[in-house]
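Engineer: Top line first, the protein sequences correspond to chains A and B.
Just so we're aligned, residue 1 is where the first sequence starts under my numbering, counting upward by one.
Just so we're aligned, residue 319 is where the second sequence starts under my numbering, counting upward by one.
FYI, nobody ran anything at the bench for these hints, they're computed from the structure.
The C-beta atom is built at its ideal place from N, Cα and C for all residues, glycine as well.
Warning: the hint list may mix true and false statements.
Derived pair list, reagent style DSSO-like, types lysine-lysine, alpha-carbon separation capped at 27 Å [as the list claims (entries may be wrong)]:
no.	chain 1	residue 1	chain 2	residue 2
1	A	K304	A	K150
2	A	K304	A	K315
3	B	K345	A	K304
4	A	K204	B	K480
5	A	K315	B	K345
Some residues of chain A that are not near chain B, with every Cβ distance over 10 Å (derived) [said to hold, decoys possible]:
no.	residue
6	D38
7	P56
8	I109
9	S116
10	L152
11	V186
12	E194
13	N201
14	E203
15	Q206
16	E210
17	K215
18	A255
19	G264
20	E314
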Amino acid sequence: MNIRSMLAATTAAGLALAGAATAQEYTIGITQNNVGVDSYQTTYEKAFIAAAEANPDVETVVLDAGGDVARQIAQMEDLIQQEVDAIIIWPTNGEAVIPVVRQAFQADIPVIVTNSNIAEQGFDFVASFSGPDNITQGSRSAEIMCDRFKELGIEDEAQIVQISGQPGYTTAIERAQGFEERLPEVCPNVTLMETQPGDWNREKSQQVMEAFLVKYDDIDGVYSGDDNMGVGALNAARAAGRAGDITFVGATNFAVGYEAMAAGDYWGSIYQSPVDDAEAALQTAIDVLNGEEVPFLNYFDTPKITQENMDEFEKPVF
Amino acid sequence: MSEAAQERPARGAGGLTGAKVGTFLAKQGILIAFILFMVGFTLANDRFLDPDNILGVIRSSAILGVMALGVTFVVISGNLDLSVGSLMSFSTIVVLDLHDTLGPALAIPAMFGLTLAIGAVIGFLVGYLRLNSLIVTLGMLSAIHGLTLTWSGGQNMDIADKEGTWFSVFGQGTALGIPVPILMFALLAAVLGIVLAKTPFGRKVYAVGGNGTAATFSGIRRARTVFTCYLISAFCVATAGLIQASRSMGSQNTVGQGMELEVLAAVILGGASLMGGSGTIFKTVIGVLILGFIQNGLLLIGLQFYVQFVVTWIIIILAVWLDIAAKRGRLLSPIA
Chain A
1 MNIRSMLAAT TAAGLALAGA ATAQEYTIGI TQNNVGVDSY QTTYEKAFIA AAEANPDVET
61 VVLDAGGDVA RQIAQMEDLI QQEVDAIIIW PTNGEAVIPV VRQAFQADIP VIVTNSNIAE
121 QGFDFVASFS GPDNITQGSR SAEIMCDRFK ELGIEDEAQI VQISGQPGYT TAIERAQGFE
181 ERLPEVCPNV TLMETQPGDW NREKSQQVME AFLVKYDDID GVYSGDDNMG VGALNAARAA
241 GRAGDITFVG ATNFAVGYEA MAAGDYWGSI YQSPVDDAEA ALQTAIDVLN GEEVPFLNYF
301 DTPKITQENM DEFEKPVF
Chain B
319 MSEAAQERPA RGAGGLTGAK VGTFLAKQGI LIAFILFMVG FTLANDRFLD PDNILGVIRS
379 SAILGVMALG VTFVVISGNL DLSVGSLMSF STIVVLDLHD TLGPALAIPA MFGLTLAIGA
439 VIGFLVGYLR LNSLIVTLGM LSAIHGLTLT WSGGQNMDIA DKEGTWFSVF GQGTALGIPV
499 PILMFALLAA VLGIVLAKTP FGRKVYAVGG NGTAATFSGI RRARTVFTCY LISAFCVATA
559 GLIQASRSMG SQNTVGQGME LEVLAAVILG GASLMGGSGT IFKTVIGVLI LGFIQNGLLL
619 IGLQFYVQFV VTWIIIILAV WLDIAAKRGR LLSPIA
């Protein structure tokens, strides 16, 4: 053994010792969808980093795909190359990432999908999905709407419209599905007159609602796929002087929705915290690595919030 | 152009009607298309012509419309502006943020200043450095988006005290029974229409876009003209951002995303040539209204959303075709 290789060996041993001293048990990589594009994702990332820093056993590699499928695939490949212990992915596209998820599976790296699931044909390669249950969210919104109609005594004649999220998005489809299935069960005589997409966009939703207001003289309720769109619809109804007649129910309680609820203009929503979402994803990954029994669909709870119980919830930060 | 149009129907075969009607059609084909759609939508839904609906549509179109006015200048000067959507997000976020820190009276001029500064950068790059406007503004589209995200830290921006501010007047106020956004759109359209059609500067814009080299040899300062066009575009975008911010009193970072193509569609639909040198403010306004009423009309009919994309496209193609057919006085191309 020459001097150079001896040096190398001792250095390596020294590094290994140093590594053991800081006791990093797991390295978990995460590739997110598009941080910075909306407040939810921005808050999610902050909460994820905070949760990881609070846990001395975990080291994280935090990446962001910027909404770009190709970049996300490259990031997944990088994480596989780095031989991280587990990968959390917030899919930019539920179909396109399946091959690279499979690649991770073949490399024996457990993959945890967070927030929105990948398509079903990829389920075999995924250790667990951690996120909100959008179908339940939709049916809970239907219950909030129906309960309110019963309080107002109009559960037998109410007419409502729906403003859904961006067409093609799983979250949008599942929420609408949950709502449309549950509503006739709890309030069979309420009519859903029409559904149009608001594309998760407040301004677009406002335009859609303006058209609804022209088209229908009698609107008793509006269900929106999230509060951002719900507030757009509320703005339109306010401008038409009809906000007082309408029960607004949304999902993913935003700060603006919370404020409108406090002001008495907006009835209810679903409380979905990006902090819970991020912490649940990290915990799911740790549980999987610890070999614990984790349900394949590991939902975190997203409770109902209305004007009546909103004191129990903190105002959302996004 | 009007001479050629008068001759063509006289040539007989394929001519739509007599010479006078032909001339009118040739000039106003897009207007005819617009009226046809309005009649069609009215027959399909009796609420369509409701004054509330008409005002509502024009009010929602005002944001797109104001942006399209500025882009008309840029397009006539022979350039493109793909950054207007991003820039609108920027001005919306900036004015909302400054509203709560500086107060509305300072926030508005500050936002206009910043937006014009970005417009000046684009104008300098395209006008004085003669860089390709497609590349410059495409790059600016993402650069400005990044700037907006940096400014807001990725958060939604909302005015804290929505009741206690006069800021809502630009988006939600009315004067003489007409929503303020419509008045701003109309005023800006009138002023810019006169600037483009009746002033030496307007003629320079056409000259630079029609034949830049000839314009230069005629003593027109090409760079300065192009630069001014981008400033006008930025001014319009800032106005649109102001209306947008005031209308919803809060915003996502992506509020203007994708609008650059809608704006361009409205300008082209109005008959401006992408090659530069032709187009008018009036026709751009018609283009904007066509897009606005299509969107609204399809909603009122209650067509399933997925079909709406396709129908929108068909209507745009029909409008462009009617415009072209009227100009050449026959339905098919003479060399088809």
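Engineer: For A/G264, is the shortest CB-to-CB distance to chain B above 10 Å, so the non-interface label stands?
Structural biologist: A/G264 clear of chain B: closest Cβ-Cβ about 13 Å, beyond 10 Å.
Engineer: With 10 Å as the threshold, tell me whether A/E314 passes as away from chain B on beta-carbon distances.
Structural biologist: Holds: least Cβ distance 16 Å, greater than 10 Å.
Engineer: Starting from B/K345, check that the Cα of A/K304 is at most 27 Å away, please.
Structural biologist: 59 Å, violated
Engineer: Over 10 Å to the closest beta carbon of chain B is the bar; see if A/I109 clears it.
Structural biologist: Since the minimum Cβ distance to chain B is about 29 Å, A/I109 lies beyond 10 Å and the statement holds.
Engineer: Beyond 10 Å from chain B, beta-carbon-wise, is A/E203?
Structural biologist: 6 Å, violated
Engineer: Far enough from chain B: is every CB of that chain over 10 Å from the CB of A/D38?
Structural biologist: 6 Å, violated
Engineer: In terms of Cβ atoms, is chain B entirely out of 10 Å range of A/S116?
Structural biologist: 18 Å, holds
Engineer: Minimum C-beta separation from A/E194 to chain B exceeding 10 Å: can you confirm that?
Structural biologist: 6 Å, violated
Engineer: Would the pair A/K304 and A/K150 pass a check requiring their Cα atoms to be no farther apart than 27 Å?
Structural biologist: It holds: about 17 Å lies between the C-alpha atoms, which stays within 27 Å.
Engineer: Below or equal to 27 Å on CA atoms is what counts here, so check A/K304 against A/K315.
Structural biologist: 14 Å, holds
Engineer: For A/P56, is the shortest CB-to-CB distance to chain B above 10 Å, so the non-interface label stands?
Structural biologist: Per Cβ check, A/P56 is outside 10 Å of chain B; nearest 28 Å; holds.
Engineer: Would A/K215 pass as off the interface with chain B, using Cβ distances and a cut of 10 Å?
Structural biologist: 5 Å, violated
When each numbered hint is compared with the structure, violations occur for hints 3, 5, 6, 12, 13, 14, 15, 16, 17, 18.
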